[in-house]
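Student: Given next are the chains, with one letter for each unit.
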Amino acid sequence: MTRVTILSARVAAAGAALLAVAPALAAEAVGQVEKSAINWPAIVMFLLFVGLTLGITKWAASRTKTAADFYAAGGGITGFQNGLAIAGDYMSAASFLGISAMVYGKGFDGLIYSVGWLVGWPLILFLIAERLRNLGKYTFADVASYRLSRTPVRIFSACGALIVVIFYLIGQMVGAGQLIKLLFGLDYLYALILVGGLMMIYVTFGGMVATTWVQLIKAILLLAGATFMALAVLWQFGFSLEALFKRATEVHPSGTAIMAPGTLVTNPIDAISLAMALMFGTAGLPHILMRFFTVPDAKEARKSVFYATGFIGYFYILTFIIGFGAITLVLGAPAELKSLYIDANGAMIGGGNMPALHLSHAVGGNLFLGFISAVAFATILAVVSGLTLAGASAISHDLYANVFAHGRSTEAAEVRVSKMASAGLGILAIILGYIFEKQNIAFLVGLTFAIAASANFPIILLSMFWKGLTTRGAVAGGLIGLVSAVVLTVVSPPIWEAVLGNPKGSAWFPYSNPALFSISLAFFGSWLFSVLDASDQAKRERAAFEAQFIRSQTGLGAATAASH
Amino acid sequence: MPQDVYARIKNNPQFDELVNSRSRFAWLLSIIMLSIYFGFILAIAYAPGLLGTPVAEGRVTTIGLPIGVGVILSAIVLTGIYVWRANSRYDEMTRKIIEDSK
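Protein sequences appear in the order of chains A and B.
No gaps in the numbering here: position 499 of the first sequence is 499 in our numbering, and each next residue is one more.
No gaps in the numbering here: position 13 of the second sequence is 1013 in our numbering, and each next residue is one more.
In case anyone wonders, no lab produced these hints; they're calculated from the structure.
Hints may be right or wrong, so weigh each one.
Think about it this way: if two alpha-carbon atoms lie no more than 27 Å apart in a straight line, the pair counts; the simulated BS3-like pairs of lysine-lysine are [said to hold, decoys possible]:
{"#": "1", "chain 1": "B", "residue 1": "1102", "chain 2": "A", "residue 2": "438"}
{"#": "2", "chain 1": "A", "residue 1": "299", "chain 2": "B", "residue 2": "1102"}
{"#": "3", "chain 1": "A", "residue 1": "299", "chain 2": "B", "residue 2": "1096"}
{"#": "4", "chain 1": "B", "residue 1": "1010", "chain 2": "A", "residue 2": "467"}
{"#": "5", "chain 1": "B", "residue 1": "1010", "chain 2": "A", "residue 2": "299"}
From the derived model, a few chain A residues whose C-beta atoms are all more than 12 Å from chain B [unchecked claim]:
{"#": "6", "residue": "50"}
{"#": "7", "residue": "55"}
{"#": "8", "residue": "58"}
{"#": "9", "residue": "110"}
{"#": "10", "residue": "274"}
{"#": "11", "residue": "435"}
{"#": "12", "residue": "472"}
{"#": "13", "residue": "483"}
{"#": "14", "residue": "496"}
{"#": "15", "residue": "505"}
{"#": "16", "residue": "508"}
{"#": "17", "residue": "535"}
Ideal placement from N, C-alpha and C gives every residue a C-beta, glycine not left out.
Using the sequences provided together with the hints, build the complete structure.
Tutor: Quick look at the structure:
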């Protein structure tokens, strides 16, 4: 009995470690922070970034004429550029500040989080990347509705995409407002208007070309900044990891425990459930899937994933070194410096997500702190721009052009709707960011990934792999996945008890992340409603699989965005 | 796309070969990735002491670190292997199949 308890406590520890990801990421929001003094080096570098990206947007605007230009940069992005842009889309300020903060707090456990975020990529490559490229044109709904009935599948896919985009945007905007208030000394609302306004300009005028370049520049800046920080840390320890870790265990209150898996308690199902949300959720994020349509063919799509996995993996290894660097050089800083980073009560100045930023000051002074602050800001801008473009495409390409206008709209009208939608989403993001300023949104990232994994991913996968999928099955299965992900999240302990204030132990659903159950329900629902569907339409849809399969395998007839 | 092109591709034994070979390879790599990842998670759950073992007597570095970094590197290496094979062998097979169908 005791052994069993210990075992389950250990599995639990792993689960808890993973679960902590969600709060940490949502805590992109640095917490309720004080407005700080004006940080001139940061402002100057940020202005340089804004000036450069606005210049690029102007250039991109002159090249953005057709719908293919707007949604997919004319299909002219190379695999390498796209890989870097995917990395730029995926490495949010949350993964940079949140994961390094987690390593700072818990040591080894920080590595578990990064691994969870990375392993979805190989699966995307092996199973969906090239089929996606061969079947789709601008949005993942193109793929889902390839042989299914256009109206219901597009409406559902577009809603799935919009829900994910809006939830993701809320987390990013609240995080952006807090971070900018802290780093640049700007009011929360002004910070929101600045972020929302810039992203509207990039997306509305420059479309995918400008968004891609913002992501490329941001990825290069972030990778360069993180590399510099990691090297500066290693340099202090004569490039000996052992010396770095030894010093860290001397300084950290948990001592050598930071070198081994941690000790939080929950249960094994949670570990697997969250792992599934992270892995399959990545494969259901509309702004990530959209990037596969910017390359000319399946070959470049494959290369993009390889480069993206390489950059993201490298970045996660850097965040691990940065976290340990923060233990040794921020927590272990000499007294006169330490007072800049940690207050008299032992709390980190500026909030729990600050270790990487304090470390940048410790290794490179005000100038480098300014650079990293500007990079953090650029990072947020790049991520929200990608999200906005994906949301705008769902509205204009899926809902307007294909559903509302039954595919008979003109290209010019579609692009116009898309630009209006981008502007609308920008305003909505500012308003939501303002409303959610003081809300506890820690659950939002976990929920977003759970929805992407349960509502979008099963439909995409089944439409490519299973002949038997029918419209009825896809929409019913997707709805079941969406509803179960939302409902199970609401009645799970982190929301039911922590956010809604119900008594401890009253949550109906015992696990923190619904993905294991909601993904299974979505697949089961899609299967059940497809097999039960004996309509003539279902017969036609099954018969159409063969042609779709041949195109998905060979790329024959695949949309080359440039030719449309 | 004209119907007879699809018919010719469907009836081409090389098409079956391409599909089977590529799916087998993709699923094999997926299973390897999932085993590595879930193996890592289960090791953390059931054998945290094992991962917490120092790499050598008197060292602070534990074997959990090279293993964790190894999982990250395995993801990069596996994607590299797939891309290398797909961009050479499978793309070449695909090109031939499309050529034959014309």
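Student: Does each hint fit the structure? Answer for all of them.
Tutor: Tested hints:
1. Among the hinted pairs, residue 1102 of chain B with residue 438 of chain A is inconsistent with the structure: their alpha-carbon atoms are about 63 Å apart, more than 27 Å.
2. Taking the CA atoms of residue 299 of chain A and residue 1102 of chain B, the gap is near 22 Å; set against the 27 Å cutoff, the hint holds.
3. A hinted pair counts as satisfied when its Cα atoms are at most 27 Å apart, and residue 299 of chain A with residue 1096 of chain B qualifies at roughly 16 Å.
4. Taking the CA atoms of residue 1010 of chain B and residue 467 of chain A, the gap is about 15 Å. The hint holds against a cut of 27 Å.
5. Between the alpha carbons of residue 1010 of chain B and residue 299 of chain A the distance comes to roughly 22 Å, so the proposed pair stays at or under 27 Å and holds.
6. At roughly 33 Å, the least C-beta separation between residue 50 of chain A and chain B is larger than 12 Å, which holds for a residue marked as non-interface.
7. Look at residue 55 of chain A: its CB is around 34 Å from the nearest CB on chain B, clear of 12 Å, so calling it non-interface holds up.
8. For residue 58 of chain A, the non-interface assignment is confirmed: its Cβ lies about 35 Å from the closest Cβ of chain B, beyond the 12 Å cut-off.
9. Chain B draws residue 110 of chain A into its interface by the beta-carbon criterion, the shortest separation being 9 Å against a cut-off of 12 Å.
10. Its closest Cβ contact with chain B, about 10 Å, brings residue 274 of chain A to no more than 12 Å, contrary to its assignment away from the interface.
11. The Cβ of residue 435 of chain A sits about 37 Å from the closest Cβ of chain B, beyond the 12 Å cut-off, so the non-interface label holds.
12. With a closest Cβ-Cβ approach of about 26 Å to chain B, residue 472 of chain A is found to remain outside the 12 Å limit, as its non-interface label requires.
13. At roughly 27 Å from the closest C-beta of chain B, the C-beta of residue 483 of chain A stays outside 12 Å, upholding its exclusion from the interface.
14. Under the 12 Å C-beta cut-off, the non-interface status given to residue 496 of chain A relative to chain B holds; the minimum distance is some 25 Å.
15. With a least CB separation of 24 Å from chain B, residue 505 of chain A remains clear of the 12 Å interface cut-off, as annotated.
16. For residue 508 of chain A, the condition that its CB be more than 12 Å from all CB atoms of chain B holds, with the nearest at approximately 25 Å.
17. Separation of residue 535 of chain A from chain B is adequate, the least Cβ-Cβ distance of about 24 Å exceeding the 12 Å criterion.
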